[in-house]
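*Asks:* Given next are the chains, with one letter for each unit.
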Amino acid sequence: MSNLPPGFREPSVEGEFEEYYLNMGPQHPSTHGALRLVIRLTGETIIEVVPHLGYIHRGMEKQAENLGYTQYIMMSDRQDYLTAIQNNLGVCLALEKGAGIGVPERAEYIRVIMTELGRIASHLVFYACYGGDLGGQTVLLYGFKEREMIHDIFEEVTGQRLTTNFFRPGGSRMDVPDTFIPRVKAFLAHLEKTLPDYDRLLTKNIALVERSVGVGKLTKEQALAYGCSGPVARASGVNYDVRKNDPYSIYSSLDFNVPVMYNGDCYDRYLIRWQEMYESIKIIKQCIEKFPAGPYRSKEKPNFKLPAGSFYAASETAKGLYGTYVVSTGGANPYRIHTRSPSFSNVSAVNAMAKGEKISDLVTILASIDPVIPEIDR
Amino acid sequence: MGIMNFVPKVLDPVPGGKYVVNMVDYVVNWARANSLWPLTYGTSCCAIEMMSSSMARYDIARFGSEVFRDSPRQADLFIIAGTITEKMAPAVQMLWEQIPGPKYAIAMGACTISGGPFRYDNYSVVRGAEQVIPVDVYIPGCPPRPEALFNGLLKLREKIMKESYRNPWHEGETSKAGEIERWAEASKAWAAAEKIKDEEMAAAREAFKANPPEDYVAYKPVRVAKEAFPDVERPVVTEIGKSYKELYKIAKSVAPELSIFGKEDSSDETLDSLPKDLPLDVVVSKENYLKLVEFLKNDSRTKFEVLTDVVGVDWKDHFDVIAQLLSVEYGHKMFVRVSLPKDESIPEEKRATSLLASIPSLSSLFVGAELKEREVYDLFGIKFEGHPDLRRLFMPEDFVGYPLRKDFTHPHILKKPV
Amino acid sequence: MYTPSNPNIVGDFVREWVPNLVAYLPATVQGYIPSAEIAALINVVICMVAMGVAGIGPVPVLIYMERKICAHIQCRLGPMRLGPHGVLQLAADIMKLLFKEVYAPKSVQTFLYYLAPILVVTAPFLNLCMIPFGKNLQVADLDIAIPFIIAVNGFGILSTMLAGWASNNKYSLISGMRSGAQLISYEVSFALVLLLIVMLAGSASLGGITESQSGNFWDWWIFKAPVLGLLAFVMFLISSTAELNRAPFDVAEAEQELTGGHHTEYTGMAFSMFYLAEYINLFTTCCVATVCFLGGYNAPCIGIAAVDGILNMVPGIVWFLAKAFFMVVVYMMFRWTFVRPRTDLLMALEWKFLLPVNLIMLVLGFVFVAFGLFLP
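If you read the sequences in order, they're chains A, B and C.
Under this note's numbering, the first residue of the first sequence is numbered 73, with each subsequent residue one higher.
Under this note's numbering, the first residue of the second sequence is numbered 966, with each subsequent residue one higher.
Under this note's numbering, the first residue of the third sequence is numbered 869, with each subsequent residue one higher.
Don't take each hint at face value.
Ranges of calculated distance between the beta carbons of each label pair, as one might list FRET restraints [to be verified]:
#  : chain 1 : residue 1 : chain 2 : residue 2 : range
1  : C       : Pro1224   : A       : Ala261    : 47 to 53 Å
2  : C       : Met963    : B       : Met1166   : 38 to 44 Å
3  : C       : Val1186   : B       : Val985    : 38 to 44 Å
4  : A       : Ser324    : B       : Pro1186   : 44 to 50 Å
5  : A       : Pro254    : B       : Tyr1085   : 41 to 47 Å
6  : B       : Glu1062   : A       : Lys427    : 32 to 38 Å
7  : A       : Ala261    : C       : Leu1243   : 46 to 52 Å
8  : A       : Pro249    : B       : Glu1198   : 27 to 33 Å
9  : A       : Lys427    : B       : Lys1120   : 47 to 53 Å
10 : C       : Pro973    : A       : Pro249    : 51 to 57 Å
11 : B       : Ser1232   : A       : Ala261    : 57 to 63 Å
12 : A       : Pro249    : B       : Pro1186   : 26 to 32 Å
13 : B       : Ser1231   : A       : Pro254    : 53 to 59 Å
Keep in mind the hints are simulated off the structure, nothing from the lab.
All C-beta atoms, glycine included, are put in the ideal place defined by N, C-alpha and C.
Bound conformation, chain A alone (with noise of 0.2 Å):
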C-alpha cells in the first residue's frame, strides 16, 4: 500500500503482471479541458484511477466574495460555458428565494426557452465529442453545426454566443426581439429534420455499440453514493430530474417525461441524452404556443441585496443538479457563494465506472460524462 503513489489504492494483481502509470492530461485531447488523470494499468487494462482536479481552479467562489450579488452570475458563465444560460438561472433562483422577488409570466416562458436551447445545443456538442472521441471526426463537425444556429439565437437575445450573462433576479436583462419566436420556430423546425439524420449516423453503428453496451457500469447504488445526477445518474435508473421531482419555474405546467434507462453503461448516457433532446424540443413547443405578452422582468432593486440568512436553489442543467447555497449577512457582497456543479460528481465516478475496462474505454466513459471541467474546478 504504502509504496503506492497518492490516491492509489487498491491492491496489486496476484500473478505474472506488470503495473505501470500513465499520466493523462492535463493536455490531452480527449479529457474535454484541463483535467488530469493518473491511470494504473496493466498491459491496456486499467486497474485504477485516480483524477487529479484544480488545473482550471479560478477561485470564483473567494472573488464572489469582493463581488456584488449579481456580478455571480457572470461568474456562472465560466463554469459551464457550454450551457452558460442554464448556470444563470440557477444562480439567479437562488438570489430570486433570497430577496423574495416573483418573476412575470412572460420571463419565465423567455427562461425556459432559453434554458431548453441550451439543454439541446450542450447534448449537440455531447453527442459531437462522443463520436469525436471514438474517432468519428465528421460527428464532431455535425454536431457543432446545429449548435451555431442555437448560437445564433443566443446572440441575437442575449448579444453573447457563449458567456450569455442574460438572466437576473426577477427576469432577464432585456427584452426578447420580435423575431426571437420566429427563429426559434424555424430552428426546431430544421432540428426535427436534421436530428433523426445524426441518429441514424452514429447510434447503430456497430462500432459505437460494441464500444459503449456495457462499458463504463455504474448501478444505481454506486450513483447515488457518488452524488451523481443528470443524465449520468438517470442511466443508471435513479429517476431524479429537478425539474420534474422539485419543480422551479414553469416547469411543473409543462408537459414532458424524465427519460429513465436502468444499464447504467456508456449506451445509455448516450441515448438518454437523445431522449432529453427530444423532450427539450417538446417543451419548447409548447411554450411557444403558450408566449405571453407583458413585463419581462419584475420590479428592478437599484442596490440588490439579500437579508442575511443562506438560501439554496437547485436547477437542472444538461449535466445535472446545479445548486447555488448563498449566505448572506445583509451587506452588498455575498458572504459566501458556493456552487454544487454537477460534473464534479460524476466525475468523481470515474474509477467506479473505468475500473477493469481498457485504455480505450476509458476515453469513451469520460465522453459519456460529458464533464465540463472549469465547472468542477470553479
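Given the coordinates of chain A, work out where chains B and C should sit on it, guided by the hints.
*Replies:* Relative to the frame of chain A, chains B and C by itself:
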C-alpha cells in the same frame, strides 16, 4: 536548418546575392505564415470558441490551420485558449518548450491577456499568458468570436512575413515585471499626458467660451423614462416529501441536541413558519454528526441516499460544515450543519497555515464524499477524521494557506482581510 | 542477370544502345567493358527514378484530396487561401516542415529513433516496383509478386514498432504494440484474399493477374466470380484498411487516446516521413486493389465494338490511375464516416469473423475454379 543558415551567409556578401536571399526569405516566410498547425490545447471557455472556429461554420481549414496536432512536437502555433492558473502554468511552459522552433503563440481571450475577469481578488489565476510564455498576438474578448481568432491568425501572418535572414525568428521574452508596477508606471505616464493636455487646452477652452460659434448648442443630457415593471409575488410553494415537522422529529430522536439554524426555539410554530422553498437546516453536535447522517441515510422514512455537497463556511470565530442531503425517492432535502470552533491553542502566527478544526468524515457512508471533503479541506483547512486520502484537491500541494478563510491574504486580493 | 520476359521499350532501348555506344570506344578497352551490366545498371537507375516519381508524385495529390474530401464530407470548404482552392497549401506545409527545428527528446534511443522514419518509407516503394501501371509499364513482373507484396507489407510494421519502442514514451509504446498485434492479425486475411485471387487467376504475378481480366468489364475479378468476387473485394477493403493503419482501424495512431501514437515524439521531417509513408502505402494498396479486382490497366469495355474501340484508344495507364484514384476516394470516404473500434474488438473481428469467412471463400474459390462458375 543547416542549408538555410548557410546559403544566405555565402550569398549575402556576393553582389546581387541579397536578391536571392530576399527571395528565399520570402518563400520560407510564405510557407511558415501559411502553414500554422495549432496545438490542441484549451482550458476553458475560449477552447470551445477555438473548436467552433475549426467547425463547419467558420472553418479554420480555409487558412490551412485545421491540422490540430495533439503532440506539441509537431505543432507550430500555440493558441493559449483559456485561463492559466498557477497549477497549470508549469504545464503550459512545458508544452511551449516542447514545440520546435520557429513557434508562435496567440493569447486568446481576456484571461490570457491580463487575467480578465479573474485579475483582481483572485489567488490562483496567472495574470496573463505573457507571465509564462512569450506571446506574439493578443486577441481580446471573453471569449473572442471565431472571426476574431482568424483576425489574430492573419495578424500573426503579417508578423511572420516581416521575418528575414537578417532578422530571423527568435523566441521572445516573458514579462518579468509585475503587472501592478507596470500599471502604476503607465498611470503616471497617463497622468502626465493629461496634465500637458489640460494646459494646452486651457487657452483654447477660454477662447471657445468667450466667443462660441453661432450654431453652438450646449449639450444637455436627456433622461429616458424608465420602464415601469410590476412587483410580482412569488408563487406559493408546498413542501416536497416529508414535512419539516416530521423530518425534524425523526432527526431529533437520534440527536437530542438538534436545533434549527438561525432560530432560537424549535417549536411547531417555528417549524411551520420556515420558508417552504428552502431545505430544513439543522445544527447538530460534532459527536452526533456521523450518527445522524447514517441514520438519515438508512431510515426508511427519510432515505437521504444522496449527499449532494459538503460546504464549509468561515464565520470568523468558528467554521460551519454543512452536509447537503437529498432523498431521491421522496424529494425532500436537509442540511445537516455542524458548528466547529476554531482551535485556539495554535499560536497566532501559525494559524493561517494550520488546520483549525476537525470533523468526522462521511466517506464511510458516501463514496462521493471523498472528493467533496477534500475540497473543504483544501479551501478551509478543516481536518476530516477517518478520511482515507486527505490531500489538497484544487490547489497545488505546496500552496500556503487556505484560500476561502476570511483571514486569507494574497498579493492579488486587494480587499483587506477581515 | 535479370532480363524481363515481356518486351519493354525503355529497357530494350538501353540494352540496344549501350553496346552500340561501347563500339565507339577503342577496341582495346571494349573487351573490358561489361556492357550488359552497364545497361542493367542504367535501367536500374531509370527504374528508381520512375518509382520515386510514381511513389512521391501522387502523395501531394492524395493529401490535397484527403483534406478536400474530408472537408466536403464535413460540410466545410477545406484549404481555400493559397492558390485556387488551396492547391498550394501542401507546398507551404512541406516547406514549413523542411525548415522546422529537428530535435530528439533526451531519453530516446537515438539510432533506432532515426532509423524508424527511414524504414517506414522503404516498404511501400518495394511494393510499387511490382505494380503494372500499363502494359509493359512495370519495373519487375515477378512470378511471386503476391507473396512478395505480403512479405514486404509485414516489413512495414517494423518501423512502427521501432518508433514506438525508441521514443521512450508510454503512449508510443502502447501504439507500437497495438499496431504490431493488429498488423500481424490482419496480414492473415489480407494474404488469404490475395491468395484467392491468385487461385482464380491462376497466376501470382501481377501482370498475369491483369491479363487474366482482359476483355469486358465483367471479366474483372470483382464481377467475374459472381458474389464471391464482390465479397472478396469487401474483405480486401476491410483488411487493407487495417493494414494501412487508417481510420476507422487506426487504433495504433488513435489520436483521441494516444495523442498521435508512435509518431508522438517526432518533429519536422521525421514526422513528415511517417506522413509520406502513410500516403504512399495508401496509393500502393489502391494499386494492388486495382490490379486484383478492377482489371488493372484494362479499359472497361462493354462489349459493343464501336465503344470499345474508343475506350481502348485511351492509354492503359490512364485507366489504371483512374481506377486507383477511385479506390483512394473509397478509402477516404471510409475514413471520414466510421468510428474506431477498440483494439480487442478489432482482434475479435479478425480472428472470429474475417479469418473463417476468408477460409470459406478460399474453399468456394476452389469450387468456382473446379466447376468454372464464371461469367462468360
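*Asks:* The hint says 53 to 59 Å between B/Ser1231 and A/Pro254; measuring C-beta to C-beta, is that right?
*Replies:* holds, 55 Å
*Asks:* Taking the Cβ atom of C/Pro1224 and the Cβ atom of A/Ala261, is their distance within the range 47 to 53 Å?
*Replies:* holds, 49 Å
*Asks:* Evaluate the given range 44 to 50 Å for the C-beta pair formed by A/Ser324 and B/Pro1186.
*Replies:* This hint holds: roughly 46 Å between Cβ atoms.
*Asks:* Note whether the CB distance of A/Pro254 and B/Tyr1085 lies within 41 to 47 Å or breaks it.
*Replies:* 42 Å Cβ-Cβ, so the 41 to 47 Å window holds.
*Asks:* Do A/Lys427 and B/Lys1120 keep their Cβ atoms within the hinted range of 47 to 53 Å?
*Replies:* Taking Cβ atoms as reference, A/Lys427 and B/Lys1120 lie about 48 Å apart, which means the hint holds.
*Asks:* Does the Cβ distance between C/Val1186 and B/Val985 fall inside 38 to 44 Å?
*Replies:* About 40 Å separates the Cβ atoms of C/Val1186 and B/Val985, which means 38 to 44 Å holds.
*Asks:* How does the Cβ-Cβ distance of A/Pro249 and B/Glu1198 compare with 27 to 33 Å: does it lie in that range?
*Replies:* holds, 28 Å
*Asks:* So does B/Glu1062 sit 32 to 38 Å from A/Lys427, Cβ to Cβ?
*Replies:* Holds, at about 35 Å.
*Asks:* Is the hinted range of 57 to 63 Å satisfied by the C-beta distance from B/Ser1232 to A/Ala261?
*Replies:* For B/Ser1232 and A/Ala261 the Cβ distance comes to about 58 Å; the hint holds.
*Asks:* Regarding C/Pro973 and A/Pro249, is the given constraint of 51 to 57 Å on their beta-carbon distance met?
*Replies:* holds, 56 Å
*Asks:* Within 38 to 44 Å: is that where the Cβ-Cβ distance between C/Met963 and B/Met1166 falls?
*Replies:* violated, 55 Å
*Asks:* Starting from the hint 46 to 52 Å, judge whether the C-beta atoms of A/Ala261 and C/Leu1243 obey it.
*Replies:* Taking Cβ atoms as reference, A/Ala261 and C/Leu1243 lie about 50 Å apart, which means the hint holds.
Hint 2 from the earlier list is the only one contradicted by this structure; the remaining hints agree with it.
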